[in-house]
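Engineer: Sequence:
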Amino acid sequence: MTKLFSTAVLFLIGSSLIAQVPEKSFTVKYTNEHIVLDGILDEPVWTFAESAGDFQQYFPSDKVPAQYQTDVRMLTDDTTLYVGLTVYTPGSDYIIPSLERDFRAGGSDNISLVFDTFNDGTNAFLFGINPYGVRREVLISGGGQDVESGFTTSWDVKWKAETKIYDNYYTAEIAIPLTSLKFAEGETKWRFQSYRFDMQSNERSNWFTIPQNQSVINLAFMGDMYFEKPLGKSRTPLALIPYINAISDKDFTTDEGNNKLKVGGDAKIAIGNGMNLDVTINPDFSNVEVDAIITNLTRFEVSLPERRQFFIDNNDLFGSFGSIRHSNPFFSRRIGIATDRLGNSVQNDILGGLRLSGKLNKNLRLGFLDIQTAKNEEQEIASNNNLMFALQHKVFARSNIGMFFINRQAFGDEPFASADEEYNRVLGLDYYLASANNVWSGKYYLHKSFQPGDTEGNISAGALLSYNSRYWNSFIDLAYINEDFQSDLGFIPRTDITKAVGSVQRLFWPKKGNINNHGVEVFGISNWRTSLDYQLADYDIRGRYNFVFKDFTEFGAEYSTSYVYLFDPFDPTGTEGAVELPGNQEYRFGTFTLGYQSNRANVFAFEGETSIGNFFNGQRFSIGGEATLRLQPKVRIGLNVNYDKISLPDPYPSADLWLVSPRFGFTFSKSVFWTTLFQYSNQRDNLGINSRLQWRFAPLSDLFIVYNDNYAVNQFEPKYRSINLKFTYWLNI
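In our numbering, the protein residues as written are 343 to 1075.
Just so you know, these hints were derived from the structure itself, not from any lab.
Computed from a predicted structure; not experimentally measured.
Backbone N, C-alpha and C define an ideal beta-carbon position, used for all residues, glycine too.
Label pairs and their calculated CB-CB ranges:
#, residue 1, residue 2, range
1, PRO852, VAL378, 45 to 53 Å
2, ASN510, ILE883, 49 to 57 Å
3, PRO572, LYS502, 21 to 29 Å
4, PRO647, ALA761, 33 to 41 Å
5, ALA761, ARG812, 52 to 60 Å
Subject to a maximum C-alpha distance of 16 Å in a straight line, what follows is the list of computed EDC-like cross-link-like pairs (lysine to aspartate or glutamate):
#, residue 1, residue 2
6, LYS531, GLU570
7, LYS790, ASP830
8, LYS371, ASP420
9, LYS987, ASP913
10, LYS1068, ASP1044
11, LYS571, GLU392
12, LYS500, ASP655
13, LYS1061, GLU598
14, LYS371, ASP566
15, LYS610, ASP498
16, LYS1012, GLU504
17, LYS790, ASP826
18, LYS506, ASP380
19, LYS531, GLU365
20, LYS1061, ASP591
21, LYS1012, ASP444
22, LYS506, GLU385
23, LYS604, ASP691
24, LYS371, GLU529
25, LYS610, ASP655
26, LYS575, ASP419
27, LYS592, GLU1059
28, LYS790, ASP838
29, LYS592, ASP1051
30, LYS371, GLU570
31, LYS366, GLU392
32, LYS371, GLU392
33, LYS531, ASP462
34, LYS506, ASP384
35, LYS854, ASP893
With the hints as extra help, turn the sequences into a complete structure.
Structural biologist: Below, the structure written as structure tokens:
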């Protein structure tokens, strides 16, 4: 691991000196003139504003100028950044699946603006809009390396925008209050990028050129926007966000019902130009979108994304340490979840807390979080204080060094709390590598945990190095997790593991024809039990070939060969009372898989995957996919279906596992949304119904009506039902 680290440092030093494509920049002119925000660029001052310049095509080619150009112009006064857009298109047959805010860009016409206000290539603010004036705002973190963990659409901030549609183009006027952003006082330059999707021509384009092998949101590829007048102090107002929630619920398993009224709220306080202080008292997350259910055939826990607004801002400062797949020491969804006296995971009320996060100076970021959870004597859950402190310092071009301390401390002398549960502490150091041109990236970390009477060993360590070029992509990921390593606030699916993961991919880019690119990849993952003299626990080796077409469809095939040594008995079907597969035995199996994805812009779009092969000592057939019907822009209907047929020899259980999830979305306007989701899973013995009506009656102020209903499906009967009426209001002082 030391040799790998040294090699990576050499790559970093060399790669950080490699020049990107030629620089690109423009000037943001200062104005005192009044701009009427109506989407029509008819104010004379827009002719005075400097054009940012031409866009470059990203898809289907990254070698030519965009066929349909975009003109970006910006102005600023003492309080607001104004953006004027003219977006040229083949016609006016736009793809707008929904009027709901915070849309995802894929499969729709839209344009996004990305601002790196601290010029660090690590974090950025994104503002997006479509031809109908529907808006979205996103926090980009981690340099934009990971679309899943570094692209947070649940972030909210105040800004305004309007559009106007003409023949073969549309215009937009955007007003972003400078108080909605963070930047250094006296700043004269931000890094900037813009990208757009044109579904009529199947073209994606960027203002600053990005090679197709790189992500469109990667912050390594940005130009500069210079301010004619230096920016002043960021005067972010104090924001108070109170809520009132009327709740009526019934637990049918205990035949108990409750009617109650909850009151609480958040406060957002700016500290200087770069820091935010978020305070919450008696928070309530009943309006948060329900999690998607998955069929889990493994022995290990799966992670789900954080959706609670309080934990979103600067979340990468807390949640990006270690590996999000192997050993993540801080996983914010742990807060508010506890284990009851029967060993079940249950919701645990949060009394209050605070988060201090942001920039201390150009290179140094600080994160501090302290949350207190409530005591529940009936469920034998102690009150806990959950604390994390983190520092991150930028080095070289886009890399950083980070350290953290986590402490989970039980409060009170509860008779049901054992001594070994009194506290859990984790201390760690991470180095994140990202070269200037993002060809090389990686991470190296060393963490240690402390528990009562257990201070030796308890180590988690890892090293990741990735190479990304036009024709070759590869990575190697090594991890060691000691059997006694523990982070009560983390996501650590396995301990006592030494892990090696690697991949090599070769891409081909045809110059003619309907195929945009195709490529072959070999991927492998192996785990060894460290405490058992590195006995092989399992491996999975996959070979796949994938085709990406110029009409946005994809097709691929894969064959995998797997090995599992079961140390303990296990039933992959999850059948209650079934005979488990015996432990201390090895299993080998292979699987063949086919997958297809259509153009998501189609009125009827679908993607699916099917696989067949051996499974432990039996057989498995799986088929699943998702279909969506778009009746734009008001109605969107989706159906997710997964079926797994597991056939094991007697006396072991066989099962037909179904997961069916229809979703109905109605957007009556840009401020009224209604979404209903059904989730049927016979593995979970649950039919869940979540129906949510949202009215955004003022900026970031909402009225929610949320209905939840859950039924057992193996013996159909109600389990839990609730209805919430929640009112939130964002008040700037």
